[in-house]
Amino acid sequence: MTSNASDLVHKQGLQFFGSVNASISHELKNIFAIISETAGFLNDLTQLSKQGQTFDLSLLENCSNSIAEEIERGFDTIRQMNQFAHSVDIPVKETRIHDTLALAVKLTGFLSFAKKTRVEPSGTEITIDTSPFLLQTLVYRTLKALYRALDTSAELTLTLRESEASLVTLIFSHDQAVDLTDFPDFRTADVAEVLKAAFTKTDTGLALTLPRENKDLRDKFAGG
Amino acid sequence: MKIILVDDETKFINMLARRLLLRGLDADVAYSGDQALEKASQTRYDIAVLDMKMPGMSGFTLKKKLLETLPEIQFIFVTGHGTIDQNGIPDQSNDIFLAKPLNIDTLIDTIRQRLDPDQ
Chain D
1 MTSNASDLVH
11 KQGLQFFGSV
21 NASISHELKN
31 IFAIISETAG
41 FLNDLTQLSK
51 QGQTFDLSLL
61 ENCSNSIAEE
71 IERGFDTIRQ
81 MNQFAHSVDI
91 PVKETRIHDT
101 LALAVKLTGF
111 LSFAKKTRVE
121 PSGTEITIDT
131 SPFLLQTLVY
141 RTLKALYRAL
151 DTSAELTLTL
161 RESEASLVTL
171 IFSHDQAVDL
181 TDFPDFRTAD
191 VAEVLKAAFT
201 KTDTGLALTL
211 PRENKDLRDK
221 FAGG
Chain W
1 MKIILVDDET
11 KFINMLARRL
21 LLRGLDADVA
31 YSGDQALEKA
41 SQTRYDIAVL
51 DMKMPGMSGF
61 TLKKKLLETL
71 PEIQFIFVTG
81 HGTIDQNGIP
91 DQSNDIFLAK
101 PLNIDTLIDT
111 IRQRLDPDQ
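So the protein sequences, as listed, match chains D and W. Numbering-wise, the first sequence is residues 1 to 224 according to this note's numbering. Numbering-wise, the second sequence is residues 1 to 119 according to this note's numbering.
It cannot be assumed that every hint is accurate.
To be verified - To give an idea of the interface, some chain W residues facing chain D are shown, with a C-beta separation under 8 Å as derived from the structure:
no.	residue
1	R19
2	G24
3	G80
4	K100
5	L102
6	I104
7	I108
8	P117
The set of hints was computed from the structure by calculation and includes no laboratory data. The C-beta atom is built at its ideal place from N, Cα and C for all residues, glycine as well.
Let the hints inform the model, and build the full structure from the sequences given.
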């Protein structure tokens, strides 16, 4: 179904881009809200001081530290936004999967129902020849489905394995049983099909197997 | 007047509570829906200022649960979303929504108006 690859990027991609940007803007608003309240509080202290009232000077230090922390949080968010935006620069390329996983965990971390997730470091750098944007879409959608299915206290671990010479497997392990009967939904299944990716489900884990090379995808995009 | 502020952005509501206190308004804070329900079981709050999206329990779900304990409590929703769409949420039609970042004077005016619409 590689003939659908570019349609998929345009239709689903736009929706996915919008959805991620909405959650990033929500995160930035929260950051600005904290900075705004802290600046307001500093103004309140200034007014009190003008009226001759005294206050603990450590409050000023706390406020400046808080503003600095939020600015760093904002820069970090914008770095992720920039990295995500550049994932559409080259349609198909050698893609470092660990980077894709790390970014997907950060981007899904902005969702209110996100769960504590860590990416296990892989001993060697594993790359696959694929669409970095569609791979990001697929991992993001998978994490989102798992977050929705898991309880608040659940923890998720992402592990990368080179299962065969021509295959790479991403394992999403969790510490509680989940019902993923409706996963993958049709949109996720479409992306998986184009990427030639296959899901295997167990009670406490989900494995996603991807080919190291997707010649159909490369030919499709190379041919325009 | 007793206020409860509920948001998982802890720095945001702690600062907001401090600023309200400087203006003579007593506000408790809760960092989750469960914590808010626990506090509401011990204190009679007049108004709750709720973040719409929180981990574990949304502001709308929390509203329904708080009403079981405090049927007279009023609500103001706070959101970081760009637009506020009430479509599909018919029972929210009388609620007030404020966008982040908040203006403290607007929040206080809204709280007072909510508790005393005739003022």
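Results of checking the hints against the structure:
Because the beta carbon of R19(W) sits about 6 Å from the nearest beta carbon in chain D, less than 8 Å, this interface hint is met. Look at G24(W): its Cβ only gets to about 12 Å from chain D, farther than 8 Å, so that hint breaks. For G80(W), the suggested interface contact is upheld, since its CB lies about 4 Å from the closest CB of chain D, less than 8 Å. Here the hint on K100(W) is kept, as its CB sits about 4 Å from the closest CB of chain D, short of 8 Å.
At its closest, the beta carbon of L102(W) sits 7 Å from a beta carbon of chain D; the interface hint therefore holds under the 8 Å criterion. A hinted interface residue such as I104(W) counts as satisfied when its beta carbon comes closer than 8 Å to some beta carbon of chain D; here the least separation is about 6 Å, so the hint holds. Interface hint at I108(W): violated, since its Cβ lies 12 Å from the closest Cβ of chain D, which is beyond the 8 Å cut-off. For P117(W), the interface hint is violated, the least distance from its beta-carbon to any beta-carbon of chain D being 27 Å, above 8 Å.
Of the numbered hints stated above, those contradicted by the structure are hints 2, 7 and 8, listed in ascending order.
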